[in-house]
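K.L.:
Based on the provided sequences and hints, a complete structural model is requested.
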Amino acid sequence: MSLERFISNALSPWMKEESGAEKDIVLSTRIRFARNLNDYPFPIISSEHSAETLRSFVSKELTESSESFAGSLELLNMEDLSKNEKTMLVEKHLISPHLAERSTAGAVLLNEKESVSLMVNEEDHLRIQCLFPGFQPEEGLRFANELDDWVESKVTYAFDEKRGFLTSCPTNVGTGMRASVMMHLPALVMTKALNRFLPAINQLGFVVRGIYGEGSEALGNLFQISNQTTLGKSEEDIVEDLQGIVLQIIEQEHEARRSVLKTSRIQIEDRIFRSYGILSNSRIIETKEAAKRLSDVKLGIDLDLINDIKGNILNELMILMQPGFLQQYADQPLEAKERDVRRAALIRERMKIEPR
Amino acid sequence: MLCQECQQRQASLHFTKIVNGQKTEVHLCEECAREKGETIQGTNSYSIHDLLSGILKFDKPLKDEASTSYTKAPKPLVCDNCGLSYERFVKTGRFGCTHCYEAFETKLDPIFKKVHSGNLRHYGKIPKRSGAQMQVQREIDEERLKLKESVAKEEFEKAASIRDYIKELEQQMKPKGEEG
Ligand SMILES: [Zn+2]
Ligand SMILES: [Zn+2]
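Going line by line, the protein sequences match chains A and B.
Just so you know, we're using full-length UniProt numbering here: the first sequence kicks off at 1 and counts up by one.
Just so you know, we're using full-length UniProt numbering here: the second sequence kicks off at 1 and counts up by one.
Simulated from the structure, these hints should not be mistaken for laboratory data.
All values reported here derive from a predicted model rather than from experimental measurement.
C-beta: ideal position from N, C-alpha, C; glycine also.
Check before you lean on any hint, since a few could be wrong.
[Said to hold, decoys possible] Here are the computed lysine to any residue pairs in the SDA-like style, where the Cα-Cα straight-line distance is at most 20 Å: (1) Lys-23(B) x Lys-154(A); (2) Lys-162(A) x Tyr-101(B); (3) Lys-162(A) x Arg-138(B); (4) Lys-128(B) x Asn-145(A); (5) Lys-292(A) x Thr-191(A); (6) Lys-128(B) x Asn-38(A); (7) Lys-352(A) x Asn-9(A); (8) Lys-107(B) x Lys-128(B); (9) Lys-162(A) x Arg-163(B); (10) Lys-114(B) x Lys-352(A); (11) Lys-352(A) x Gly-277(A); (12) Lys-162(A) x Glu-142(B); (13) Lys-113(B) x Asp-237(A); (14) Lys-162(A) x Lys-114(B); (15) Lys-113(A) x Ala-10(A); (16) Lys-162(A) x Lys-91(B); (17) Lys-154(A) x Leu-120(B); (18) Lys-154(A) x Glu-142(B); (19) Lys-113(B) x Cys-169(A); (20) Lys-91(B) x Gly-277(A); (21) Lys-113(B) x Val-207(A).
[Said to hold, decoys possible] Which chain A residues stay away from chain B? Per the calculated CB distances, all over 12 Å, these: (22) Leu-73; (23) Glu-74; (24) Glu-123.
[Unchecked claim] Partial list, derived from the structure: chain B residues whose beta carbon lies under 10 Å from chain A: (25) Arg-88; (26) Phe-112; (27) His-116; (28) Gly-118; (29) Lys-128.
P.N.:
Encoded structure:
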């Protein structure tokens with residue numbers, strides 16, 4: 001398969017959409033609702049039988065209805081997928097590692113655009129997730145609410161007047177909502193300014209963490225900002241707060257970019273073009289280095305220094321260079337060292353296929 | 001605008017904080033935000049497991065002090081729907097079923113308070129189906145309060161119209177039969 005076709009098959013259609021604001025800094029927006037049904041124990045203690053009953057009930061209700069929401073939903077049962085297929089779904093953020101590895105009678109319902117993913121028997125009976133390109137928290141919430149209403153017309157949710165939507169983990173109770181955005185913040189990392197905002201963001205009940213990589217390391221300078229508080233605030237208020245925080249961070253990132261360009265333009269340019277050179281020519285590259293170089297190239301695109309590559313290269317390649325996708329592209333299992341070679345080849349090729 | 005904490009530096013962070021439905025405007029300079037934030041950051045970096053086992057540890061010595069040698073140990077708290085014990089809930093950090101919320105109700109406020117920055121009550125979406133009755137009930141409760149006030153103020157005309165409205169709402173609470 002040609003790389004072009006592989007990519008267009010591998011990436012979710014929603015990622016390629018033109019819509020969405022602030023796309024240079026905000027790569028995507030996600031709204032997730034945790035929902036449960038009254039008559040079944042939560043998946044964590046559920047018997048196999050009960051988990052299967054729930055799955056067949058829910059999937060029947062959601063796939064067999066004549067009027068479907070967001071296009072028809074396709075059901076994928078976890079036990080019918082190969083290990084690598086599951087890995088790729090995780091890498092695309094369409095299912096969680098928990099659903100892929102540890103669920104009983106787990107399933108996911110996906111729409112054609114892959115902008116809607118309904119996980120069954122994850123930590124909660126239902127995890128409703130909607131993904132949007134760029135920064136669109138309000139539109140995202142509106143859409144997610146409509147989807148949630150549609151699901152609720154099929155299955156009755158567990159809801160308590162005082163505590164709201166009842167969830168398996170106490171951290172999700174209330175709205176059951178996690179609203180998050182993925183942000184690329186190279187200049188705030190470079191100037192070490194991001195740390196200054198973290199306390200204020202935490203104070204608002206929001207949290208910032210790296211999307212890729214472990215511990216304090218944020219590979220590719222990619223961060224996820226999401227609400228931690230789900231009780232006591234309405235969905236609209238949470239999204240409004242998120243919007244306020246993200247807009248401030250965007251402003252600060254722009255400011256930091258201006259200031260580093262002012263003080264060290266030639267050094268920044270050098271760094272960006274070196275990274276461009278390495279990605280276009282290297283024969284072996286580890287995830288960590290690839291992420292760093294891709295972040296530089298993305299910054300170069302945003303600063304109009306690099307004009308022949310599309311802006312979505314960063315989020316695209318961050319997904320494509322993960323083990324699952326590399327193995328799929330190679331059509332065979334790969335050791336870590338072999339993956340580094342394949343990764344370099346894939347990135348090199350990807351840097352070439354751009355509209356000129 | 002000056003920072004509301006130190007009243008000296010310019011406030012550069014502006015936000016609205018909501019606790020239990022109460023909105024407060026907050027204007028802080030970066031320094032003060034950092035200082036205030038640090039105490040709170042600690043709770044955020046807790047994992048739910050640390051948090052709950054912390055609460056249980058806190059729970060135990062209190063009980064030990066209260067119990068004397070001849071009183072029996074209290075009956076363990078267990079959800080009678082799924083069989084999950086409170087102790088196990090604390091260990092795993094997960095409820096076993098929706099009924100666990102009732103079973104452990106007396107223990108939940110401090111946990112939610114800690115996890116959700118002081119919040120205890122849901123203020124968000126009410127589901128259309130399982131919450132339709134609740135929505136009307138919420139309104140009836142509000143109207144009853146208004147009614148009480150009106151009667152206290154001897155605004156009898158107003159009270160009468162509120163009373164009619166409550167009747168109307170109560171009518172809605174009855175099952176509709178045909179529409180099912
Ligand atoms: Zn101050
Ligand atoms: Zn239970």
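K.L.:
Out of the numbered hints, which ones does the structure contradict?
P.N.:
The structure breaks hints 1, 8, 9, 10, 16, 17, 18, 20, 24; every other hint is satisfied.
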